[in-house]
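Residue numbers (numbering that gives the first Met the number 0), protein chains in the order written: chain A, 0 to 321; chain B, 0 to 296.
Quick caveat, the hints were computed from the structure, so don't treat them as lab data. Computed from a predicted structure; not experimentally measured. All residues carry an ideal CB built from backbone N, CA and C; glycine is no exception. Keep in mind that the hints are not guaranteed to be accurate.
[What the hints assert, rightly or not] Computed footprint of chain B on chain A; a stretch qualifies when at least three of its residues, placed anywhere within it, have a C-beta under 8 Å from a C-beta of chain B:
1. 99-111
2. 135-147
3. 230-238
4. 278-290
[Stated by the list, open to error] Sample of chain B residues lacking proximity to chain A, with all beta carbon distances greater than 12 Å (derived):
5. Asp14
6. Pro31
7. Ser70
8. Ser102
9. Phe116
10. Phe118
11. Leu126
12. Pro193
13. Trp211
14. Val232
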Amino acid sequence: MPFINSQTNKADNIPIIPLQKKKTIFNTFKRDYQLWLLILPAIVCVIIFNYIPMYGIQLAFREYDFTAGLTGGEWVGLKYFEQFINSHMFIDLLKNTVVLSLTTILIGFPAPIILALLINQIRWKRGKKILQTTVYLPHFISIVVLVGLLNVLLSPNTGILGLLVNKLGFEDLNLLASTKSFVPVYVLSDVWQHVGWNSIIYLAALSSVDPQLYDAAKIDGANRWQIIRNVEIPAIIPTIIILLILNMGHIISTGFEKIFLMQNSLNLPVSEVIETYVYKIGIISNQFSYAAAIGLFNTLINFTLLLLMNYIAKRTSKISLW
Amino acid sequence: MGFLKTKNKSELIFDIIIYTVCALVFLVIAYPLYFVIIASVSDSTLVSTGKVLLFPKGFSLFGYQEIFQDSRIWIGYRNTMIYALGGTFVNLLFTLPAAYALSRQEFRARRPLMFFFVFTMFFNGGLIPTYLLMKDLSMIDTMWVFIFNPVTVNVFNLIITRTFFESTIPNEMYEAAIMDGCNHFKFFTKIVLPLSKAVISVIGLYYLVWHWNDFFTGLIYIRDYSLQPLQIVLRDILISNQVFAEGAGSTGSGYAQRYADQVKYGVIIVSTLPILVVYPFLQKYFEKGVMIGSVKG
Numbered sequence: 000m001p002f003i004n005s006q007t008n009k010a011d012n013i014p015i016i017p018l019q020k021k022k023t024i025f026n027t028f029k030r031d032y033q034l035w036l037l038i039l040p041a042i043v044c045v046i047i048f049n050y051i052p053m054y055g056i057q058l059a060f061r062e063y064d065f066t067a068g069l070t071g072g073e074w075v076g077l078k079y080f081e082q083f084i085n086s087h088m089f090i091d092l093l094k095n096t097v098v099l100s101l102t103t104i105l106i107g108f109p110a111p112i113i114l115a116l117l118i119n120q121i122r123w124k125r126g127k128k129i130l131q132t133t134v135y136l137p138h139f140i141s142i143v144v145l146v147g148l149l150n151v152l153l154s155p156n157t158g159i160l161g162l163l164v165n166k167l168g169f170e171d172l173n174l175l176a177s178t179k180s181f182v183p184v185y186v187l188s189d190v191w192q193h194v195g196w197n198s199i200i201y202l203a204a205l206s207s208v209d210p211q212l213y214d215a216a217k218i219d220g221a222n223r224w225q226i227i228r229n230v231e232i233p234a235i236i237p238t239i240i241i242l243l244i245l246n247m248g249h250i251i252s253t254g255f256e257k258i259f260l261m262q263n264s265l266n267l268p269v270s271e272v273i274e275t276y277v278y279k280i281g282i283i284s285n286q287f288s289y290a291a292a293i294g295l296f297n298t299l300i301n302f303t304l305l306l307l308m309n310y311i312a313k314r315t316s317k318i319s320l321w
Numbered sequence: 000m001g002f003l004k005t006k007n008k009s010e011l012i013f014d015i016i017i018y019t020v021c022a023l024v025f026l027v028i029a030y031p032l033y034f035v036i037i038a039s040v041s042d043s044t045l046v047s048t049g050k051v052l053l054f055p056k057g058f059s060l061f062g063y064q065e066i067f068q069d070s071r072i073w074i075g076y077r078n079t080m081i082y083a084l085g086g087t088f089v090n091l092l093f094t095l096p097a098a099y100a101l102s103r104q105e106f107r108a109r110r111p112l113m114f115f116f117v118f119t120m121f122f123n124g125g126l127i128p129t130y131l132l133m134k135d136l137s138m139i140d141t142m143w144v145f146i147f148n149p150v151t152v153n154v155f156n157l158i159i160t161r162t163f164f165e166s167t168i169p170n171e172m173y174e175a176a177i178m179d180g181c182n183h184f185k186f187f188t189k190i191v192l193p194l195s196k197a198v199i200s201v202i203g204l205y206y207l208v209w210h211w212n213d214f215f216t217g218l219i220y221i222r223d224y225s226l227q228p229l230q231i232v233l234r235d236i237l238i239s240n241q242v243f244a245e246g247a248g249s250t251g252s253g254y255a256q257r258y259a260d261q262v263k264y265g266v267i268i269v270s271t272l273p274i275l276v277v278y279p280f281l282q283k284y285f286e287k288g289v290m291i292g293s294v295k296g
């Protein structure tokens, strides 16, 4: 820990300020007080808006009492968790949430890797630039505009894609209001919006590959496909693993806003996920304790998956988040 | 890389495949965006029968006329403008000094504080406790909730900025400044900030875009219509199909229906325009920003 470890001092190279003095917490505070003042506003803000809600999680175990506030109320233990697990919604919510997140990862995670490898192969500089500018662009469109775009483009009567689908013979298929098409439309539009932006990080990793590796591979007679397989892909594996761990942590918290906006009464059987349900139970129906318990259930699964993935990655490839 | 010299048949085939796939990716991503532009200035009957494909047909600005007559759009625009500028200012005011402190190697509390921030990326209180906190703070139905919320200090942006300071501000510079009697406050404002325009633009843009696109805050915390941000107004028009209350759209339902789509295409463009205007100027920083941040995730 940096508070007591004297070895870090030498590397620190701090001028003038004498380090021979006893390093009590008070002394280091005195020396660092300006840095503390600079970071203080951020600390206060994070405590209020991020840590107090964590403290408020105990609401999930209490009966919400309007007068007692966030952490008052009578202790009811696991009552609301039991209520959720025994409710008729439980299996459907869990299934929808997992299906949506897994499909998003399965399709959405490899897509930017492939795109980055592809962009990296383009040797026509101007073309490369135009392609990159274009594929980054959709990332900056808001969720509301994206769903609005889907609505007008996929409309079976007036949308250009809807018309196309009808011409291809799926006449009765309304892409916006069918239990069959909800997941594909959700996932593919997600790929469309973020594939370019997410490829940046892999492009950055690719650009730092040692040119000598390319030369060596070429001397060994490797063709371009072999260079991709044996030089470029191994070079981005660490990046891939880190991002995969991070993504797994979100496996069960799929994009609330987009799903919420894409929901309608016809696709509800497959589009109701835990997060949209929490919103409806908590914010709309004011059942705060029940909704907090469902939300905590969600967070805990997220967190466990993150830890698990991190552990597996650490054991198998020695790459981990911490 | 010298690939060009050794061009044989298999290389050529490889190139053809690469360029074909790239061209397809380009078309799939660019065409919907292009289509919205041409559809917004075309006759809506021609658009809805699939006749407008490459160029606008039956040029008409009716959609835009409707939009500019609608007061909701303007209220939303004004609100979002205030929230985005005020919010981004506060974001930077909190993030930059914190990132500087975390970038100083000699700062004793550096590692525990880093953990303190990073932990919030992986664990949070969830919607309901956050909502009740805002309620207890009487921030519901005020503009403050757009500015002070769990995203005020975005940890990802904090890490990007910290890494940038670490890798671009040499320690020798700090030593020299200290010799001249500079303290941390002066060093930060007089030397670090002027040297960090690149990273300030990048995270400033991230924050600005976040505020501009923020739909969640308006949905959860705002009931008062005069405080609604643009994204909520857009939701009403684009997704909930609320016909324009003012203007010609309300005169008859058949008429309104016919032009509703043209209005939608126009709204998409009008609401995304500010971002599209800033985009080319800041694009060169994107890769730099992501790259800097990825060095030490």
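Taking the hints in turn, this is what the structure says about them:
With 0 residues having a beta carbon nearer than 8 Å to a beta carbon of chain B, the segment 99-111 of chain A misses the requirement of three or more and the stated coverage is violated. With 11 residues having a Cβ less than 8 Å from any Cβ of chain B, the segment 135-147 of chain A passes the three-residue criterion, so the hint holds. With a cut-off of 8 Å between beta carbons, the segment 230-238 of chain A has 1 residues touching chain B; three or more are needed, and the interface restraint is violated. Counting residues of the segment 278-290 of chain A whose CB falls under 8 Å from any CB of chain B gives 5; the rule of at least 3 is met.
For aspartate 14 of chain B, the non-interface assignment is contradicted: its Cβ lies about 8 Å from the closest Cβ of chain A, within the 12 Å cut-off. Not every CB of chain A lies more than 12 Å from the CB of proline 31 of chain B, the least distance being 6 Å, so the non-interface label is violated. The non-interface label for serine 70 of chain B is consistent with chain A: the shortest C-beta to C-beta separation is roughly 19 Å, beyond 12 Å. Under the 12 Å C-beta cut-off, the non-interface status given to serine 102 of chain B relative to chain A is violated; the minimum distance is some 10 Å.
Remark: the non-interface label on phenylalanine 116 of chain B conflicts with the geometry, its nearest Cβ contact in chain A lying 6 Å away (cut-off 12 Å). Interface exclusion of phenylalanine 118 of chain B from chain A breaks down, the closest Cβ pair being 9 Å apart, not more than 12 Å. With a least CB separation of 6 Å from chain A, leucine 126 of chain B falls inside the 12 Å interface cut-off, contrary to its annotation. With a least CB separation of 17 Å from chain A, proline 193 of chain B remains clear of the 12 Å interface cut-off, as annotated.
For tryptophan 211 of chain B, the non-interface assignment is contradicted: its Cβ lies about 7 Å from the closest Cβ of chain A, within the 12 Å cut-off. Listed as outside the interface, valine 232 of chain B is inconsistent with that label: its C-beta sits roughly 9 Å from the nearest C-beta of chain A, within the 12 Å cut-off.
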